[in-house]
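Going down the list, the sequences are from chains A and B.
Just so you know, the numbering used here puts the end of the first sequence at 1326, numbered straight through with nothing missing.
Just so you know, the numbering used here puts the end of the second sequence at 1326, numbered straight through with nothing missing.
By construction, these hints were calculated from the structure, which means they are not laboratory data.
Possibly wrong hints are sitting among the right ones.
Treat identical chains as interchangeable: a pair holds within one or across any two.
[Claimed, not checked] Below 35 Å or equal to it, Euclidean Cα-Cα: the simulated DSBU-like pairs (lysine-lysine) are: (1) LYS1268 to LYS1015; (2) LYS1184 to LYS1066; (3) LYS1092 to LYS1268; (4) LYS1092 to LYS1323.
Protein chains: 2
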Amino acid sequence: MQILILGAAGMVGRKLTERLIGDGRVNGQPITRMILHDVVEPQTPQAPFEIAALTSDFSLAGEADKLVANRPDLIFHLAAIVSGEAEADLDKGYRINLDGTRYLFDAIRHIGDGYCPRLVFTSSIAVFGAPFPEAIGDDFFLTPLTSYGTQKAIGELLLSDYTRRGFFDGVGIRLPTICVRPGKPNKAASGFFSGIIREPLSGQEAVLPVPEDVRHAHASPRSAVGFLMHAATIDKARIGPRRNLTMPSVSVTVAEQIDALRHIAGDKVAARIRREPDPNIMQMVAGWPRRFDASRAESLGFKAEKSFDEIIRLHIDDELGGKIAN
Amino acid sequence: MQILILGAAGMVGRKLTERLIGDGRVNGQPITRMILHDVVEPQTPQAPFEIAALTSDFSLAGEADKLVANRPDLIFHLAAIVSGEAEADLDKGYRINLDGTRYLFDAIRHIGDGYCPRLVFTSSIAVFGAPFPEAIGDDFFLTPLTSYGTQKAIGELLLSDYTRRGFFDGVGIRLPTICVRPGKPNKAASGFFSGIIREPLSGQEAVLPVPEDVRHAHASPRSAVGFLMHAATIDKARIGPRRNLTMPSVSVTVAEQIDALRHIAGDKVAARIRREPDPNIMQMVAGWPRRFDASRAESLGFKAEKSFDEIIRLHIDDELGGKIAN
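Extracted from the complex, chain A is given alone in its bound form:
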């Protein structure tokens, strides 16, 4: 089995790569080759099979065709300009998130000849925009309030149409905010949800730009990789024609996040959060979802954490070697 990952240099891409190397197989089939693609060169870890790293801008005509020329059996499309940047640079966001996605989908289509890979696309809960019900169900409409959310919603529509036409076998998964995100902050406007946990646990100050009553939906990086693997392997007959799924998540307020941090790491760590309201971020976040009823994904076997405590403990185990900076 050949696997292609677009956006392989990103946090989720790297963790997915590790997981695939560790597993060595997908759905019982041994992995024979992996292609890691990104706009910056992805690291190529050691593996018992061939790993090729490719660097290019897949939103340029012809680049996507090169990526699929060897007919990968499984494609993870994780590449995207994140929300904050897509809002700040309209042309870049549409070019990568819409045109790039379309070039990829068309590159697969143009191979023809019965080629029909499983394609897993990471969409986002940013496809939803306020006002919405207290819990957003599986048939609630998409009213994105950011250009990023708009571009992801368009990607979902294209994925459905191309799957319906038989060009590939697509599964779109709407990731909740991934928390706790390891490493440095990225340009996502949602970055503070991780920052207020990650920085204090490492002995650093974090900025909280929104009020503590802001409620939001989270899943750990480990869950994100789990969602991707499940989307890669689930029987397509079980999914049916509606190929885009809201993933399960833990819904908590910022106050509950901070309570969990205090509970696990103590007052001194929790005191490293500095309140500094940012009207721009507050306005964006006000339009974001707070809670989901992800019944369809749950019935299909997608699993997230059950509490924010669990999310913090996973971060301490997976990223900090079990140690908290006191």
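On the provided structure of chain A, position chain B as indicated by the hints.
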């Protein structure tokens, strides 16, 4: 006030043009100039103001810029490849319905300098796909089952995002099936809904390709023009951020359509319908909506007919000079 109509040579475009010439003003402002655009040359009727007819393919780079260069105050974007053709020719459908729409929206954006016209976009109930509830409400999700519906749904998303960013003041209206459509059949898969009324009333045989229990949602051409005019003039503060609206319609089965025809025109006319099931059309229609709860549009003052009898009588009055072919 300057007005631009894209898709002006189509049936709705021609009727809208007539209505605008008859009214002479929009929202109390006198019309000073109209630009009628289509891929085939639109007719230029007599009018007490300047009318320019332009012919081009607006999905070619640069063409849309020419259309908006004179900063029309009001733009009607009616241009589209219809459902049957967009399904048969994937590239053409995406090129016109997606790329063309995007070129138009970007052309408006690139003018900048405070230019922010009202833009009325005709979307379609094809943005919805089965299974759905008995009546589709205003917050039901978009799951198109055709490429045409996919392209219209993408147009809606782009319209919302560009409106939110202040590039134009967009209103998307989801037209139900327009019935009775005058003139020759077009390539829309929904064409038979009009054909089974129009042809018998003109003394000709019509083909019915689906069973009589098929239920669907209709509005007259006169209502379609009414929707467009209302969308052009409604106060934007009343619409709010959700700029795409399902229009009101009359929900009837094909059997009820035929009953209304028989009731108005007699058995002999109704006998001109020949049953000839077409599996392709049956499959497409099976995924189409049957009934809407268009509460939002109704509360905003959009109005359709109340019965299918009324729809037939309007056709006889507006298109047949009050006469039925016995």
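For each hint, the structure was consulted:
1. In this assembly of identical chains, LYS1268 and LYS1015 lie within 35 Å of each other by CA distance solely inside one copy; the values are 31 Å within and 72 Å between copies.
2. In this homomeric assembly, LYS1184 and LYS1066 come within 35 Å of each other (Cα to Cα) only inside a single copy, at 31 Å, whereas the closest approach across copies is 46 Å.
3. For the homomeric pair LYS1092 and LYS1268, neither the shortest alpha-carbon distance inside one copy (42 Å) nor that between copies (62 Å) is at most 35 Å.
4. Within a single copy, LYS1092 and LYS1323 get their C-alpha atoms no closer than 40 Å, and across copies no closer than 58 Å, so neither meets the 35 Å cut-off.
Violated hints, listed in ascending order, are 3, 4; each of the other numbered hints is respected by the structure.
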